[in-house]
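> Residue numbers (the numbering used here), protein chains in the order written: chain A, 25 to 293; chain B, 1342 to 1741.
Worth flagging that the hints you see were computed from the coordinates, not collected in a lab.
For glycine and all other residues, C-beta sits at the position ideal for the given N, C-alpha and C.
A couple of the hints might just be wrong.
Said to hold, decoys possible - Each pair of labels, with its calculated beta carbon distance range:
no. : chain 1 : residue 1 : chain 2 : residue 2 : range
1   : B       : Pro1444   : A       : Gly70     : 31 to 39 Å
2   : B       : Glu1344   : A       : Ser199    : 48 to 56 Å
3   : B       : Glu1445   : A       : Leu63     : 19 to 27 Å
4   : A       : Phe195    : B       : Asp1704   : 45 to 53 Å
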Amino acid sequence: MKISNILRPSNRSLIRELVASDFKLRYQNSVLGYVWSLLRPLLLFGTLYVVFVYVFKINKDNTIPNFPSYLLLGVIVWTFFTEATMSGLNAITGRSDLVKKVSIPKYTMVVSTTVSAFVNFTLNLLVLAIFIVVGRVDIRASALLFPFLVVELLMFSMGLSFLLSALFVKFRYMSYIWEVTLQMLFYATPILYLMQMVPHNLAKIMSLNPLAQIIQDMRAVLITPETLTTKEVFASQVGRIVPALIVVVVLVFSVWYFKRSASSFAEDL
Amino acid sequence: MDEDLAISVKHLSKSFKLPHEKKSSLKEHVLNFRKQTFEEFKVLKDINFEIKKGEFFGIVGRNGSGKSTMLKILGGIYQPNKGEVKVSGTLTPFIELGIGFNPELTGRENVFLNGAILGLTRKEVTRKYDEIVEFAELDRFMDQKLKNYSSGMQVRLAFAIAIQAHNNVLLIDEVLAVGDSNFQRKCFKVFREIKESGKTVVFVTHDMGAIQEYCDRAMMIQDGEIVAIGSPRKIALRYEAANSSVGASVVGEVIPRPADPALKLTNVQVSAPDKKTKHFSLDDDIVVDVSFEVRREAPAQINLFFMRTDGVQSAGINTTNDLKKFAPKKGKHTIQCCLRAGQLVKGEYNVNVAAYTTDEVPDLIDIMDENYGTKTPLISVIERSAYQDGEFYIQGKWSV
Chain A
25 MKISNILRPS NRSLIRELVA SDFKLRYQNS VLGYVWSLLR PLLLFGTLYV VFVYVFKINK
85 DNTIPNFPSY LLLGVIVWTF FTEATMSGLN AITGRSDLVK KVSIPKYTMV VSTTVSAFVN
145 FTLNLLVLAI FIVVGRVDIR ASALLFPFLV VELLMFSMGL SFLLSALFVK FRYMSYIWEV
205 TLQMLFYATP ILYLMQMVPH NLAKIMSLNP LAQIIQDMRA VLITPETLTT KEVFASQVGR
265 IVPALIVVVV LVFSVWYFKR SASSFAEDL
Chain B
1342 MDEDLAISVK HLSKSFKLPH EKKSSLKEHV LNFRKQTFEE FKVLKDINFE IKKGEFFGIV
1402 GRNGSGKSTM LKILGGIYQP NKGEVKVSGT LTPFIELGIG FNPELTGREN VFLNGAILGL
1462 TRKEVTRKYD EIVEFAELDR FMDQKLKNYS SGMQVRLAFA IAIQAHNNVL LIDEVLAVGD
1522 SNFQRKCFKV FREIKESGKT VVFVTHDMGA IQEYCDRAMM IQDGEIVAIG SPRKIALRYE
1582 AANSSVGASV VGEVIPRPAD PALKLTNVQV SAPDKKTKHF SLDDDIVVDV SFEVRREAPA
1642 QINLFFMRTD GVQSAGINTT NDLKKFAPKK GKHTIQCCLR AGQLVKGEYN VNVAAYTTDE
1702 VPDLIDIMDE NYGTKTPLIS VIERSAYQDG EFYIQGKWSV
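Can you make the complete structure from the sequences, with help from the hints?
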């Protein structure tokens, strides 16, 4: 899987068609169409907001200004991560017709699922933009760092997708394992609670989770500097380097494993 | 690999490991520490062949002979266990038409999706779109969902896209047997064009007619081994023989005769009216007596053919014209054929005989032929005509 291959026009076209047909299929039979993809995180956000702000009074002393945008950003990132990895898990197994009957570059199938999820993610970011404008969030120069964090998020999700899709071909119980893992990750990541509420020692461990680092850093650069980022938990750059390193290691290992298994996909399915 | 080779296969072996019990759940993986036991199923055994650039190469074989696996390996879908497969240039596998077709998408959307799967860019599909629609004859239906298409329409669309793939090696797996006769004719025309454009085609089929019409060379696979490789005619004969005697296994180069045929050929004898020898002059008559025993009554045609000693069949004559609907009664019979020796070019010939069914695609009933391990009479035409030469004699008249 060379970079030049990814850029080959025929492979780009293939990814594009796979993404396009995925979208058409997903929304063509629903009246609300694309609105659904916006509604899902919004509904999750609304529920969480009501429960955690009014029932658990999570932000009652207003530690976090612009809490709605703060919460929504976390939910959007989480939604993307779940969607990307779940569809990534299924990328090969779900299209066994393609794997068994034609020799296409297998990575395009995984990349296309991540791209699909990413398109939804950008649509959701537009909603976030509305929240930011309506909530009069102060846009700072640090917002320019946001795209880098998006890239890190993409690398992490795509890396895991490569690994999961290849594992799922051989081990069908991977889907259950990943579902449970996602559930645990949801609570281990500061999406609906504040990192400030977590005891310091535990916060250190939790902050090493790349997803936690990404979400907290995104919030810090885009919404409010009051976010407790990984860097601040560790009081050094280590907090940023370790999760980023994890992302790189996951990506490199996953791509290596995927490449190694790809040639036997057709037989294992 | 040589410059002029399109595909080179060397010592190719492929086996599948069939686990004795499929282990897929976590519990089984964790609890079962013993090594999983496998049954090794050898699908291809030490296959060697080469296909030249621009060649139309046929692969025949019964179901389960390994030809589909062969095709999948050539297409890069399966990896060989041993040996190597080299393909020069790019390759389109037509292993199945319409890969990735989705019934919920419209015809148009499916064209773009399927085109991309076959390696075309969006630009190329856009450029060829009209041509595809026209070829498929589906102009009015392109904005309808594929699920509303008949299966024939789907195949037409799939075929129309597939032939646009611009690769220089094509693998075709029995796609000819689809569509109505009108569309089939179009497909044949396309195949002829593909052949003429100098592309290499590997063609897998059961249709011996197509093999003989299109292929330059062919190969027969049985039980994962190459049984024969050579001229389409030779392969077709061999395939027919192997098929009409189900269960027969080929040993060496000798093909077994069909077991328990409805009509058993017992003897073929050549005589000349006034000679004891088997040497014939141009004006002599060759008289051939064919004896056979009918075990189960059925219409049949008896075919007499003259095989040159180098294995080329020079001429043949069958009973259809003279005996019309020949359906001999149970018991022993001898029929006779008389022909002028001067119609054969000087040389030696084996006089072989075969019985076929009278179906549209005749099936071999029985055969007497050296290739089938039966000795047949050898004759020779000893004179060379003074006023004609070439591969065969023609009748004609000069005038001034």
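> Could you work out which of the previously given hints the structure breaks and list their numbers from low to high?
No hint contradicted; all consistent.
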